[in-house]
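All chains should be modelled from the sequences, with the hints used to inform the complete structure.
Basically the working numbering = 1-based index in the sequence shown + 264.
Please note: incorrect hints may appear among the correct ones.
[To be verified] Simulated restraints, written as ranges between beta carbons of each label pair:
#: 1; residue 1: 362; residue 2: 299; range: 57 to 63 Å
#: 2; residue 1: 476; residue 2: 341; range: 37 to 43 Å
#: 3; residue 1: 438; residue 2: 505; range: 27 to 33 Å
#: 4; residue 1: 451; residue 2: 394; range: 16 to 22 Å
#: 5; residue 1: 339; residue 2: 412; range: 30 to 36 Å
#: 6; residue 1: 474; residue 2: 335; range: 32 to 38 Å
#: 7; residue 1: 438; residue 2: 405; range: 24 to 30 Å
#: 8; residue 1: 335; residue 2: 389; range: 18 to 24 Å
#: 9; residue 1: 393; residue 2: 370; range: 50 to 56 Å
#: 10; residue 1: 484; residue 2: 445; range: 51 to 57 Å
#: 11; residue 1: 413; residue 2: 505; range: 27 to 33 Å
By construction, these hints were calculated from the structure, which means they are not laboratory data.
Because the structure is a prediction, the values reported are computed rather than measured.
Glycine residues also receive a C-beta, built at the ideal position from the N, C-alpha and C atoms.
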Amino acid sequence: MPHRAARRVKPALRLILGGVLVVGFSVTASMLFTHLSYTQFGDLNYADAMWASAIVPLLVAPPAYGWIAWLSWRLHRANAALETLARCDAMTGLANRRAFVEAARERLAAGAPVQLLVADIDHFKRINDSMGHAAGDLALTHAAAVLARAAPEGGLVARIGGEEFALLVPAETDAAALVARIADDLAHMPVPAAAGLQRMTCSFGVAVAQAGEGLDGLLSRADAALYAAKDGGRDRMALAS
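Set out below in structure tokens:
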């Protein structure tokens with residue numbers, strides 16, 4: 265959070281410093297010009313001319329720079345919004361695959377002991393086909409909310425595919441207990457649909473990061489465990505070898 269706050273302050277600080285420089289340069293240049301005019305021609309009221317040389321830029325420069333600063337700030341806000349959209353899944357509000365990959369690679373490169381849980385909504389196509397895409401969208405947002413609430417402190421939750429989610433959590437996290445808590449929340453909070461309340465389940469593949477392992481290898485092992493969980497009957501967890 266402090267890093268993000270610093271990034272928000274820097275553009276404002278640059279605009280303020282720019283404004284001070286613009287006004288200061290305008291006043292200095294105007295006063296210097298007036299001084300040279302007085303010394304060369306000698307027919308000006310020196311005090312009045314110097315006051316005028318200071319006041320005129322102060323009246324002109326701030327509005328001009330204010331307009332520039334307003335346009336610059338709007339551009340900064342627009343760029344920040346685009347960056348957020350590029351890193352956030354619009355439907356669920358979770359981090360998207362790009363953001364997840366960047367953050368996960370940073371943690372692995374730093375040698376942080378982590379484990380990866382890949383979750384997939386069971387029979388998601390059936391939900392879409394039988395209850396409509398609106399119900400499918402609701403199932404996605406519902407699962408995302410449950411996963412985000414269950415994630416331990418320091419965990420990273422993201423939607424990395426259609427109905428597939430990833431949770432990167434500390435290695436000491438009890439994965440079995442975490443999956444059980446998620447399954448219990450899903451069981452007690454069914455998805456409301458036109459056909460009535462529908463219970464939703466997820467299958468999980470879990471892989472603990474090995475020493476020196478990259479994200480691609482970790483994801484591959486977690487995916488293999490996920491397929492094993494689905495082949496084993498779904499609504500369960502499988503550990504990667």
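These are the hints, each one checked on the structure:
no.	hint	in the structure
1	362 with 299: 57 to 63 Å	holds (58 Å)
2	476 with 341: 37 to 43 Å	holds (41 Å)
3	438 with 505: 27 to 33 Å	violated (19 Å)
4	451 with 394: 16 to 22 Å	holds (19 Å)
5	339 with 412: 30 to 36 Å	holds (32 Å)
6	474 with 335: 32 to 38 Å	violated (51 Å)
7	438 with 405: 24 to 30 Å	holds (27 Å)
8	335 with 389: 18 to 24 Å	violated (48 Å)
9	393 with 370: 50 to 56 Å	violated (39 Å)
10	484 with 445: 51 to 57 Å	violated (26 Å)
11	413 with 505: 27 to 33 Å	holds (30 Å)
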